[in-house]
Amino acid sequence: MKRSLFGRIWPNATAAVLFVGFVFPVYWMFATAFKPTGDIIAENPVWFPTHLTFDHFDKAVHADHFWTLVGNSVTVTLCSVLLSLVVALLASFALARMRFKGRRGFVVTFMLAQMAPWEVMIIAIYMIVRDGDMLNSLVPLTVFYAMMVLPLTVLTLRGYIAAVPKELEESAMVDGCTRFQAFRKVIFPLLAPGLMATSLFGFITAWNEFPLVLILNKDIEKQTLPLWLSQFQTAFGDDWGATMAASSLFALPILILFIFLQRKAVSGLTDGAVKG
Amino acid sequence: MKRKLASAIVIAGVMVSVAACGGNDGDGSKDAGPDSWKGQTLTVWTMDGSAPPQWSKDVQAAFEKKTGAKLKFEIQKWDGIQQKITTALSEDNPPDVLEVGNTQTPAYAATGGLADLGDLKQSIGADWTASVSESSVYDGKQYAAPWYFANRVVVYNKRIWDQAGIKTTPKTRDEFLKDLDTIGKKTDAEPIYLPGQNWYFLDGLIVGQGGDLVRKQGDKYVSNLADPKVAAAMEIYKKYAAYSKAPKDKDEATPQQATVFAKGKTGAFIGMGWEAATAVQADKSIEKDLGYFTIPGATADKPEGVFLGGSNLAVAQNSKKQSLAKEFLKIALSDQYEGELAKLSGVIPNKESLESNLKGNAAAEAAAPGASVGGTTPLIPEWAAVENTPNPIKSYMTAVLNGKSPAAAAKDVEGEINQRLAQQN
Amino acid sequence: MSVQTEGTDTAGGPAVRKGRVPAPPRGADRASRSPAGRPAAAPYLLLLPALAATLVLLGWPLVKNGMLSFQNLNPRQLIQHLTEWNGFHNYQQVLTGPDFRKVVERSVFLTAANVVLIMVIGTLIGLLLARLGKKTRLTLLVGLVLAWAMPYIAATTVYQWLFAQRFGVVNWVLDKLGWHSMADYNWMGGQFSTFSVIVLLIVWQSVPFVAINLYAATTTIPKELYEAAALDGAGAWRSFTSVTLPFLRPFLYSTTFLEVIWVFKAFPQVFAMNEGGPDRLTETLPIYAYVEGVGNQHFGVGAAISFLTILVLLVITSYYLRMVLKQEEDEL
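Chains as they are written, first to last, in our numbering: chain B, 1 to 276; chain S, 1001 to 1425; chain P, 2001 to 2332.
A hint or two may mislead.
[As the list claims (entries may be wrong)] Calculated lysine to any residue pairs in the SDA-like style (CA-CA distance at most 20 Å, straight line):
1) S:LYS1084 x B:TRP10
2) B:LYS101 x P:LEU2325
3) S:LYS1084 x B:PRO49
4) P:LYS2064 x B:LYS59
5) S:LYS1178 x S:THR1168
6) B:LYS59 x B:PRO49
7) B:LYS59 x S:ILE1075
8) P:LYS2176 x B:VAL20
9) S:LYS1077 x P:ALA2272
10) S:LYS1077 x P:LYS2064
11) S:LYS1411 x S:GLU1235
12) S:LYS1185 x S:ASP1174
13) B:LYS101 x P:ALA2041
14) S:LYS1084 x B:LYS59
15) P:LYS2134 x B:GLY132
16) S:LYS1320 x S:TRP1128
These are calculated hints, taken from the structure and not from any lab test.
Work the whole structure out from these sequences, hints included.
Spelled out as structure tokens, the structure:
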């Protein structure tokens, strides 16, 4: 009896500890953002902010060109996610469903492409974009961000497509659908979790990117939110309150998107990613 | 931040003189004279916190009125600024005018990215203070114009000093150390907040000792960190740091020393006058306790050496609006607006004759005596690389504070410094 | 060989889409031979956009980067658009320098430590999720998702803040727990302690991905397999090793591969935490390339290091890549 009670308690107790461990840093970010500066730099931590203040948020939102940057970030992120999804969908269908010479080589190409260390290639990219006279534009950002997530997207979607029983597709074609119609009506709906998982990944990547936009777009009208986020670390040190407020705002869209999509999406980034 | 302090101290909107600002239009501009200015837009990069908004507004109005061109100030963040300037100078449409730190100027001058401002120096720079103009000269040519300067002072908490029974501010280093000792004994406050890597304070001490960070070996510069004078400066630093609980491996920015000071449990810190505004912002109640004094030196007649930080204004070589850019400099650096800047920000202007604008600004008045004995880091193009993160001198400081002898600590990092000094350009 | 793990609701209990049975036969080619089959060009046309993108957007920068690695490229050359070839000088400088070997060893070690921890903890939490009641599971899932969704920059800043020497929460708690020597402990003061914080951060960020996916994967294991194992008299441990583990193996392989790549390339977490300090003792390969190249504005050297970085990563992942190659071969 005792043992089974223990057996029932320990998973829940462990879960509770884990929950606190995983959530605390997120909580601390939000809590700090709402505290007056005096409570932030405190000898004894203020666990629950009692004097709530919106000063830090106010400061964060009223930074120069905030809304322009929001617009740019949203545009670049959505466009790059969409672009990579469309391109990847085509490629992954071929890789999952067709037989042709060099297929293996293509799969390996995408696996290798996943390893590209983008942060350390930025000078090369900068010189290409500069010499192509494309600085201070959202286009290079969009296509490079799309490329950063393309390999993983291709490999993931390939796994999802391969998992759709061929018979479903074939029976649709027997019913008179063209190959494209069969894809649209049969495979595509079943890809939903895969599409969401990969677009989340793309969203996070594009939303977070910092080094490239820093040197490509010096015109503030063409910058994105990570640059805004970094500005609260001033020459004279970190303004923790404003930094945390900005971080909270910055994280919010992704947190919401995650919570919103997770029922369908989180089930599989790796699923097909590198499957055989 | 600076703005708040300045506006607290300064009577707003006082324009002193209507001094003639550059009556000689169009000199030295062969390609694009004043006729072509109309309708153009001049882009000026200033660093975050440099130019008070009021000043920018006034200069912009004067510039646009005089030239018919538009002026766009773009405020730059500190994060990644070096890559940004380097790459920007390589572009076809760089910012026309940019603020460059005085210690960074020789390095940028050596890249060929900055325009020669020799004619400007002749027309408006005759009475620029020599010590502050020095950093913008490379290879005998003037590559930038001195804009403003600042040095560190002691910001102290009057209430805590009262509690410790100290009536006057110290005039010598020994008195200062004794005062810190008294505060430590008589109050529960931390006598001074001095993190281990306030490296520009150390640079000031080295200046005070007459030391040099590099020396020439053949035709190359090598590290001089093992010099006894540098060691002596570091020993002074160590004496001060002994009165602080601040982390030995952090600089004054993490956490911001002013926010720590704002808690009211710190006797003093060494910083820029305007950092006081940050403290007030963090906690209003500190405002009435704020005081400033010059960092005292070994003897009462000569204050401690300080690092004379500052900024120059330079014109990008690739800018297609050279004459307009120079016209901007003439206006911005005119006595009227240079004086206004000093007044608003409490910074040291580029001419001694304008220092009267600092009257009434307690922090600036405390800083001024130091400036006369101030110095900089070595003004050679190779130096900029040494200060790049991770700055080996900061490692040296932490090592000494953790008990290593200055000689041994210097030996550990000199290889790195020499490697950086030897980087080809 | 391969097992599909998708198609399950993470929060909605086991195998919602029962209809989708894992592992259809792998002959992935019947369709193209079917009556409606396309001309042989079809797959290439479909692949064309992706390949073109890869070639232009990745291949070109890589080639450019390779070319830069044979140049003396500093601010002066960059600003004046000069090209100064200097042969293998950059590589020579890096490979004969005192740091490179240490940095490589450090990167490999850090990657190994992180990946092992991530996989073990992630798997355990994944299995725990499967054992929990519905409400507790949902709560824990939300916690995991929150940690996972935190942007790197924000997460790194929060961790710096938690582990700050003076006003950090962690030191305060350790002190209150009776560990008074930790009251003013400086986490960023030593190599090991800095790495500990970095590892904690990376593990915290990466575990949710593994745990949630693994949990999703376990829900697709057909109940019949366990029943069959139970009939054979297998205990809990046996049924784990004979049913669960083999079923999850491909998933574990591919996840490990991804984590190796991600952790090895981890940049903002390692760099922002302490900028490679103290004394450059926590520089991993990407940081080293960045500090030498972009930070010190020695772009040619940076390019050379980044090329070496790619090589090292290839060596590390070669085992898995070979496995995949072989597997693809079997399929054709």
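Going through the hints against the structure:
1. S:LYS1084 x B:TRP10: violated (54 Å)
2. B:LYS101 x P:LEU2325: At roughly 14 Å apart (the allowed maximum being 20 Å), LEU2325 of chain P and LYS101 of chain B satisfy the hint.
3. S:LYS1084 x B:PRO49: Violated: LYS1084 of chain S and PRO49 of chain B sit about 39 Å apart, past 20 Å.
4. P:LYS2064 x B:LYS59: violated (42 Å)
5. S:LYS1178 x S:THR1168: holds (12 Å)
6. B:LYS59 x B:PRO49: Satisfied, since the Cα-Cα distance of roughly 19 Å is no more than 20 Å.
7. B:LYS59 x S:ILE1075: Distance of about 16 Å is within 20 Å: holds.
8. P:LYS2176 x B:VAL20: holds (18 Å)
9. S:LYS1077 x P:ALA2272: OK: LYS1077 of chain S and ALA2272 of chain P at ~17 Å, within 20 Å.
10. S:LYS1077 x P:LYS2064: Not satisfied, since the Cα-Cα distance of roughly 29 Å exceeds 20 Å.
11. S:LYS1411 x S:GLU1235: Distance of about 16 Å is within 20 Å: holds.
12. S:LYS1185 x S:ASP1174: Holds. LYS1185 of chain S to ASP1174 of chain S sits at ~17 Å (cutoff 20 Å).
13. B:LYS101 x P:ALA2041: holds (11 Å)
14. S:LYS1084 x B:LYS59: violated (25 Å)
15. P:LYS2134 x B:GLY132: violated (56 Å)
16. S:LYS1320 x S:TRP1128: Between LYS1320 of chain S and TRP1128 of chain S the Cα gap is close to 27 Å, so the pair fails against 20 Å, i.e. violated.
Comparing the model with each earlier hint shows violations of hints 1, 3, 4, 10, 14, 15, 16; every other hint is respected.
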